[in-house]
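Student: The chain contents come next:
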Amino acid sequence: MTEQAIYRQESTQSQSRYCPACQRAFLVPGGWQAIPCPLCQQAALQVSPNTEDLAPIELIVPPTLDAQTVDVLLSQFMKGAAFPYPDFKAENLKKRLVLIYWPIWLTDVDLDGEWDAIFGYDYQVVSSREKMGNAGWSSQKVIKTRVKEEPRKGFLNRHYENVISPALHTHDQRLSQLGMVDLKTAHSWQAVNTAQSVIQKETLHPNELEDGVKKQCVNLASADCRKASGAQHPKSYTFYGEFKNMNWTKCIVPMFTTYYVDDKGVRYPIAINGQTGAVYGRRMASTKKAWLITGILLALAIIMMLVLYFSKTDYFICSAVTLVLAFIPLIHATTWNNRERNKPPLA
Amino acid sequence: MQVPKYYFPGFEQVPSGLDGVMVFAPIPEKDAEEVRSYACPQCGGHLKFDVNSAGMACIYCGYTAQVATKQVGKSAQSFEFTLENVQASEQEWESDRQLLHCDNCGAELSYPKGAVAATCPYCGSNKVNLSLPKTKSLRPQVLLPFVATPESLQPRIQEWLGKGWMYPKTLKDAAQMDKLSPIYLPYWTFSASIDANWEAEVGHYETETYYDSSSKSYETRQVLRWRWESGAISHQFSDITINGVNPQRINHAMLTAIEPFNLSGLVLFSPDYLVGMNVQAYETPLKESWELAKQEMRIVTNKLCEKDTGSSHVRNMSIDMNYDNEQWRYVLLPVYLSGYSYNANYYNFMLNGQTGKLAGVKPVDWKKVRLITWLVALIPLLIALISLIIANISGNGESLFFSGVLAVAGIAISIALYIKAKNAEKIV
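Residue numbers (numbering that gives the first Met the number 0), protein chains in the order written: chain A, 0 to 346; chain B, 0 to 427.
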């Protein structure tokens, strides 16, 4: 039985909760008991005193990963981890999987106005490469591609749909960690779709995002105008016009989270993109395990040293080498952990 | 959305590849009217370009007007070897004849291909065909105006005719001169930068010590040692000029002899310069002319690589050369064509319309040449013969050697004079 199943009870009324450790806010199915924060895993979610109205969810992107695929993804993720903690096992990770949805804004907008641009057009020139040897000169035709810049102006009247804007302050980091999902699979949200899932609340609202959306729309318009002009390279683009009928849609996209526990009981979260299967998380090495191996090797080295010393053989050097090699596991675990700690935390 | 085609000043609407986007591009420079006729604004007579006044002049009322242009020199616009340009230069001359319509009398005139300026044989009006050829970059963008006037060149022609002992003495006075016909000839100018890597066996003299068994001592001597070396050079070629006239139409050797032209005098093309003048459009396409320019570049590159070795002993040289930034221009350069009759024969000559440099053919007075060459050969032979006789009689053979040398030298000089006379028959 998954942890999600344990939390589940007979209730569909969502409850607003927050994590006292990372301050992230969630909507959790009403009947669920003490659930740890699915993102930071450092504290149990508390009932939120903040009862502000959230924007209604309009679209949902369903997860497409099946259990078998998740198994494979987790096994691949674990492969090669140095000195894994005893808890870092596929079955544990799978047991603790929680499906959560995180929000993004999709904007529909009409652009209407004039534009002014300088675009680059490819053209080809004939050049040559020549060689002189005993047989005289030989010439080889070489076609080179160059770019000429030309001004273009015009009018644009186009409708842009589903321009993605962040609904979370950590949107960009999350995209760099897990990537985006295919928005074409989005459909209308109904409460039953997320009855057994956690939904992360948005932290950014449309009135804060308008400038960013306009910038994105201008980039899309620039690409369209370049295409319409038959040019290959954008050099500069300015749009002078209106952004009409701006319509914001809240869409939630899926991700799975799980965690493993180290020797001291600290939880390390792992996240999986609900569609593409991209996995992100820190794979910490157990320094306890590394110390144990180092200790065994050190003991062996000392025993060897004593035996060789008393046997008065010339192989005394072998024990010295073993002594040095004994520290390699510890050094490896330390550098591995340093590298993993440098990874940004789960966004 | 309905928007006027010329909504943005200087731009016109062009086809768009996407719905909801209207695209306007800069209006291409419009072609001038295909055939331009020139009439005098004062009397309605025919205008023509006058070299003496360096402007247009009416041959009836004396009206003159300066040509509006600008001196651009070597900074004149040049073009790249785009696929379009190269292909166009090959295809421009597909038909042998072209039609010109005379606005003055309505006649349809047929001219050989390449005739840029023409005079209507029915009404005498002068015309310039600006639409030739179709690709704009292949129409002359710049030209070098005539600087030397026919009057200023007459003394030079007279001096040229009278110069040289092997030509008839009466040539200067008896030659019946034709008038100088100014003509603009087509030239291509080429510029490019090259990077060349060379590899060769280079010989260096080294001092070697050896034991000389004859003198029983150690001596030194210089020996040439060969070793493989490599290097790289870069060079910028600027304005290599290649004439674009069919060699069957104009003597290329004579044309080469009146070069160079100083291209810093190039001015922006104006059809006014061509009114009433003979103008030849290019007949050797861009690609062929570029090959000729590249031959010159190869020779120079080869020399530069040899120089880069730092030795005069080089063998088995190989060069790997890359061209870059190749540019070309199509220019019209001024030349006077003329000729003269002498003893029922006709001889051509031409002059550089800018510098006045002259090259042409002159008849050789073979009677005079033969007499002199025979004398140069026979007199020393005679002296040698007399020396031989005296030596036989006197029994003293001391002067015999010098007489022999004199005789051989006389024969050699006479052969050299004959060869020089043969060459003088060609172009001088």
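By construction, these hints were calculated from the structure, which means they are not laboratory data.
Do not take every clue at face value.
What the hints assert, rightly or not - If we take Cβ atoms under 8 Å as the criterion, some of the chain B residues that face chain A in the derived model are: (1) F7; (2) S15; (3) L17; (4) E79; (5) P284; (6) M320; (7) D323; (8) I412; (9) I414.
Each residue gets a CB set at the ideal place from its N, CA and C atoms; glycine is no exception.
Student: Compare the structure with each hint and give your call.
Tutor: Okay, the hints, checked on the actual structure:
1. With a least beta-carbon distance of about 5 Å to chain A, the hint placing B/F7 at the interface is held under the 8 Å criterion.
2. With a cut of 8 Å, the hint placing B/S15 at the interface with chain A holds, because the nearest CB-to-CB distance is about 4 Å.
3. Annotation: interface hint on B/L17 holds; nearest CB of chain A at approximately 4 Å, less than 8 Å.
4. Here the hint on B/E79 is kept, as its CB sits about 5 Å from the closest CB of chain A, short of 8 Å.
5. Hint on B/P284 is violated. Least Cβ distance to chain A is approximately 13 Å, over the 8 Å limit.
6. Because the beta carbon of B/M320 sits about 5 Å from the nearest beta carbon in chain A, less than 8 Å, this interface hint is met.
7. Against a cut-off of 8 Å between C-beta atoms, the interface hint on B/D323 holds, since the closest Cβ of chain A lies about 7 Å away.
8. The interface hint given for B/I412 is violated, since its Cβ lies 39 Å from the closest Cβ of chain A, which is over the 8 Å cut-off.
9. Here the hint on B/I414 is broken, as its CB sits about 34 Å from the closest CB of chain A, past 8 Å.
Comparing the model with each numbered hint stated earlier shows that hints 5, 8, 9 do not hold.
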